[in-house]
Amino acid sequence: MTERDPIFTQLRAMYEVLDPPPAHLTDAMIAAVAAENLDADYELLSLLGRSTELVGTRGSGVITIEFSHDEASVLLRVAEVDETTRRVDGWVTGTGADQARLTSGDQTYTADVIDGRFEFETLPAGLIRIYFSGDTELATPTFEI
Amino acid sequence: MNFVTSEKSHEPAESDDGPWIRSGEAFARWRDGDRGAIDELVREMTPVLWHVVRAYRLDEDVCEDVIQFTWLTLVRKADSVDNPRAVSSWLIITARRQAWRVASRNRREDAVDDELLAPALPTSPAAEAEAVSADDNHRLWSAVAQLNERCQRLLRVIAFDDRPDYHHISEDLGMPVGSIGPTRRRCLEKLKAVISGEGATP
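Protein chains in written order, with my numbering: chain A, 1 to 145; chain B, 1 to 202.
Simulated from the structure, these hints should not be mistaken for lab results. Treat the hints with care, since some could be wrong.
What the hints assert, rightly or not - Rough simulated footprint, nothing fancy, chain B against chain A, three-plus residues with beta-carbon under 8 Å:
#, segment
1, 8 to 14
2, 40 to 50
3, 74 to 84
4, 122 to 130
Stated by the list, open to error - Facing chain B, from chain A, some residues (calculated, C-beta under 7 Å):
#, residue
5, Ala-32
6, Val-33
7, Glu-36
8, Ile-114
Owing to the predicted nature of the structure, the values given are computational and were not obtained by experimental measurement. For glycine and all other residues, C-beta sits at the position ideal for the given N, C-alpha and C.
Starting from the given sequences, assemble the full structure and let the hints guide the process.
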């Protein structure tokens with residue numbers, strides 16, 4: 001390979017200082033890899049984005065989170081009930097999902113999907129993951145509510 | 001002094017193959033049944049993936065998800081990596097493609113607030129002790145910010161990928177593969193021109 005311009009070394013050092021990965025990132029990835037159940041057969045949904053509906057600091061108000069995989073799409077509306085409790089209203093299309101299973105720590109919650117709609121009224125704030133069963137099995141990545 | 005042409009060699013060569021080799025070995029051990037070896041690989045490559053994905057101007061949550069997607073895809077499809085020593089390239093390509101997919105789908109919205117991309121101040125003494133001074137870093141950041149988006153992305157990806165795969169980069173950037181080399185050169189020239197324009201101030 002041709003020799004790299006030394007400026008790439010400076011660019012690298014600059015980005016490492018000025019836009020470093022979040023401090024928790026590596027540990028979160030190690031945990032995600034360790035928690036992965038290799039026996040479960042599902043397609044992974046990708047996060048398209050999250051947006052806050054109300055102006056405020058992170059964690060306040062209502063957050064909308066969107067995931068997709070091929071034709072399937074999932075929209076979640078996460079409301080803050082109080083500091084440690086969340087309510088999740090969800091819509092899922094394009095998968096024929098009839099059940100949503102949500103894991104939060106050691107806890108598992110299930111909800112029926114009716115006409116593409118499901119809800120989890122009371123959830124602890126924290127990291128969760130949602131699995132959908134139907135025509136195809138789908139799973140979100142681990143994410144924070 | 002113009003830091004770009006400085007001949008101080010205050011850092012080890014970045015094209016050091018060490019991390020690539022360590023990653024390949026850790027991956028090979030993990031595939032052979034050493035369950036803990038994957039942690040070494042995750043530690044080695046997660047920061048690199050961050051910078052590659054962040055080059056697509058995605059916000060933090062989305063970058064984190066793209067990186068998680070990349071790792072979960074690796075553990076689920078470990079057999080699709082033909083050569084364990086190529087695992088770093090495999091990870092970078094997978095992360096870049098996913099970042100590109102998400103960025104394309106989000107294009108209808110504004111990708112990210114400028115605020116989110118504003119440089120954070122160095123937070124640790126270790127960062128302050130960087131051989132390249134904070135001042136130089138901020139000047140370089142401002143200079144890069146004056147380049148077009150494509151140049152910014154290309155330079156950041158190449159800065160963190162010692163063995164850039166032009167074939168895949170060209171697909172992601174929607175450019176013929178033959179034009180990546182010249183584009184890279186033009187982006188570098190522009191960057192240096194911006195810097196030397198500023199270089200007049202001591």
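Exercise for review: Would you pick out the hints that fail for this structure and give their numbers low to high?
Suggested key: 3, 4 and 8
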